[in-house]
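From first to last, the protein sequence lines are chains X, B and G. Here this note's numbering is used: position 77 in the first sequence is 77, and no number is missing along the way. Position in the second sequence (first residue = 1) + 1000 = this note's numbering. Position in the third sequence (first residue = 1) + 2000 = this note's numbering.
To be clear, the hints were calculated from the coordinates, so they are not data collected in a lab. Among the clues, some could well be false.
Said to hold, decoys possible - Some chain B residues near chain G, calculated using beta-carbon distances under 7 Å: (1) Pro1018; (2) Phe1026; (3) Leu1094; (4) Ile1111; (5) Ser1121; (6) Val1140; (7) Leu1141; (8) Phe1144; (9) Lys1229; (10) Val1250; (11) Arg1257; (12) Leu1271; (13) Val1273.
We treat Cβ as the ideally placed atom computed from N, Cα and C, and that holds for glycine.
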Amino acid sequence: MASIEFRKVTKSFGDSTVIKDLDLTIADGEFTVLVGPSGCGKTTLLRMIAGLDPQTSGAVLIDGKDVTQIAPGQRGVAMVFQNYAIYPTMSVRENIEFGLKNNKVSKEERTELVESISATVGLSEYLDRKPSTLSGGQRQRVALARAMVKKPSVFLMDEPLSNLDAKLRIQMRIELIELHKKLGTTFVYVTHDQVEAMSMADTIVLMNKGVIQQEASPDLIYREPNNRFTAQFVGVPPMNVAPLGTDGAHFGFRPESAVLTRTPSDAWFRYKGVITTREMLGSETIYQVKNEQFTFMIKCYEDLFTVDEHVYVGVPVEKIMLFGADENRIPREDPRAADYLERLRRQGDE
Amino acid sequence: MNNTTRWDTLRPYVMILPAMLAILCFVIYPVFYLLKLSFYRYNLLNKAKSKFIGLDNYKQLFSKDEFYVALNNTLIYTVTVVLLTIVIALLLALLINRKKTRFNAFLQAGIFTPHIISIVSIALVWMLLMEPNFGILNYVLKTFGLPTSKWLQSSSTSMLSVILVSVWHNVGYYALILLAALQSVPPTIYEAAALDNASRFKTFYKITLPMISPQLFFVLIIMTIGSFKVFDTVRIMTGGGPNNSTSTLVYHIYEYRSNNLGYASATGIILMVIIAILTFVYFRVLANKVHYQ
Amino acid sequence: MNSKWRYGVTGISVALKSVVLLIFLFPFVWMITTSLKTFPETMIFPPKLLPALPQWSNFVTAMQSGPFLTYTKNSIIVTLSIIVIQMLVMIPAAYAFAKYKFRGQHFFFALVLLAFMIPGQVTFIPIYLMLADWGLVHTLWPQILPFAANAFGIFLLRQYFMQVPSEIIESARLDNANEFTIMRKIMVPMSIPALATIGLFSFVSHWNDYFWPLVMTDSTGVRPLTIGIAMLRETEGISNWHIIMAGNVVLVVPILLVYLFCSKQIVKAFVYSGIK
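Can you make the complete structure from the sequences, with help from the hints?
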């Protein structure tokens, strides 16, 4: 078990700097998910922890120790890759024990470890098979077993579920959460899928263009986004955001925060629009409501409206978020907030 | 710098070191050595007596009929072998391409067999077949009522005989390369052409040939360069004769390698320059006309 | 009508193919049958395909006309040594070129490609002088050392190594494998087809090689089989075709045997080298 710390870390590939002066601490024993759009630097961070692409400057510490000079194989980390990176010419057993062999673990101990780990992940019957004869899910388990068997202090995972079909992915998600609970080790998990991040993480580190946007629990990330990027990255559909018409400021609200009515509403923010699309998803329905000024997605738990119907959209004041021209969230205490909210309310009167 | 990182930087160089040493020793250095030798009158028995003579070897070379004969023979050989091989190889490839039957697979293995057999054996067998008095080739000619030939033993037919053997030796290899190229043309293109009512000849000329042109181009280059280096068949079958009718550049170098090493080196430099120019010209001129996907 | 016409085409194509096959295989048949004939039988006109009685003693005569045991041994040692040395030189080089980034990489790789283009038919003169200086001309080394770096092999294997996903190598590094282990346990097992191709290619070309041993050797003790067979005409007389062909059969049979068992692989190997 170990904590991980980045201190003033910079990473450049040739002339382009991907990450600049980044500081981040990943707590010991937590399930931390690095999430963000592709190219945001999350995989780079992960590879720096592993030592596969060492940082250009700054320091990476594992358990308080600077590991800059330590080879990947000696950092006590294990990694599961997106394409599993299983050794195709070795049997499942050889795959799992490869790391142990390199670490000069005795044969009896190896056999014992391999048997117990493979039982845990349900691979016992497949130990002598070649990877090419296994299904995607089974290969995934080989990759997991191979990582687990080394008893690493840090588990690194780089989009490990993205090659699985949707159903298996959801099942593996639950298995990974349970695995984390059982092992109690530090997990660092990289994904571009915010749903995956929300469902698994203790802490989410949301990144964009090499900069950490927010680092918080899934709950906080969803309810209290720091900035427009976070607000619009998380949630399905994402937060509705539109310009306020002054100072380059924006306002936003979650799709489920709005109420649709057939009669005019007296909510703080309100507009009349026409329903242009309707997606019935079972427990909820998502409408797109349009007028000349706004196009917003509205989530309802009852399916009461039809396409082309004219409706009134209303959002209560406590659900409205404000963002400044610098994209950062404007808290209610901010002197600008009252003014902006007032503008928004008056807008509905026009 | 730290020890581990220094080793990390050095490692790739250490890994390529043996290969680079070998290339340096047996490719790069010999080229310069050869260039140096070509300016010397070299004395094999007593190195100290070797003498720098500037361009004399080259002057001698360009004033020697024997050299021009060898150059001419090499050119004739190359042009004929390349043309014959490419045409026959293409015809063979088209013949085999039609279906994937067992017989075709056997045929492929069959026409390829000569290519993996030593040129020594090939040359000896064909000398037997081309024997003027009791050889089977003359027997076949006679059976069909055709005039017989003296093959290797007459200066008018010796070059053609050597060419024939070379073509026979290599055409299967090139046919299979072209066959692989033909088979990699997506069938949908032919289906589209059929829908457009293209005739068979037109389909071949407008679709097949352009589609396999990268491989044709490749075959052309390696065959030309390979042909310029012809030696083995000549050495075994004719010894350059009769009457120098089959002497080639490499054979010329070989003949002078011990008596006049400097002269042989100068010839070698000329051959190398020709090959370099050929490679360059081919890549510059033809590359533009070749269809690449 | 249509189907009749089609039968006709098939018939013509089969006939054509049979003629082609005859042209390519008959010389080998003729070689074998001649090797079993008596001297007078080789001189008959019109020629006969089969001998009255197979003369197995021709092989004994051919083999006794020179130190053929030595020739054979030399051929085997030279060919196998070349293959082994080439592999040892080629694998790390190809791995470095495929999976490392280092300064001068392109320059060094250009040297490999250059090695492709410089013909041995020209450089044999300086190489011979060099090896003579090193005192190696009366050993087998002149036939082995110049081929230590197989440029074509490095090129081909590099292509193959580049297709190995980097994650597999990284995974091995995280498994605490050193670079040597990675080559031995991962890269090599994953590239068996390419290595087999290159090995076969080397085997065929060096077993068959005539030019290089011809210009590098001047004593019987280091000569390979090809030279020995070619010299049969001098030792046995130009018209003793039955003996020459017997020697020829000895030279060809190992290759033909290998070809018989893996013709598909060999064809693929050679053709692949031509397409790239």
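Results of checking the hints against the structure:
1. A distance limit of 7 Å between C-beta atoms decides the matter here; for B:Pro1018 the minimum to chain G is near 4 Å, and the interface restraint holds.
2. Annotation: interface hint on B:Phe1026 holds; nearest CB of chain G at approximately 4 Å, less than 7 Å.
3. Because the smallest distance between the Cβ of B:Leu1094 and any Cβ of chain G comes to about 11 Å, over 7 Å, the interface hint for this residue is violated.
4. The interface hint given for B:Ile1111 holds, since its Cβ lies 5 Å from the closest Cβ of chain G, which is under the 7 Å cut-off.
5. For B:Ser1121, the shortest C-beta to C-beta distance to chain G is roughly 5 Å, which falls under 7 Å, so the interface hint holds.
6. For B:Val1140, the suggested interface contact is broken, since its CB lies about 10 Å from the closest CB of chain G, more than 7 Å.
7. About 12 Å separates the beta-carbon of B:Leu1141 from the nearest beta-carbon of chain G, more than 7 Å, and the hint is not met.
8. Of the supplied interface hints, the one on B:Phe1144 is violated, with its beta-carbon coming no nearer than about 13 Å to a beta-carbon of chain G, more than 7 Å.
9. Evaluation of the B:Lys1229 hint against chain G yields a held restraint, the C-beta minimum of about 5 Å falling below 7 Å.
10. Taking 7 Å as the C-beta contact cut-off toward chain G, the hint placing B:Val1250 at the interface holds, the least distance being around 5 Å.
11. Interface hint status for B:Arg1257: upheld, as the beta-carbon distance to the closest one in chain G is roughly 6 Å, under 7 Å.
12. Using the Cβ-Cβ criterion of 7 Å, the hint placing B:Leu1271 at the interface with chain G is satisfied: the shortest such distance is roughly 6 Å.
13. Interface hint at B:Val1273: violated, since its Cβ lies 10 Å from the closest Cβ of chain G, which is beyond the 7 Å cut-off.
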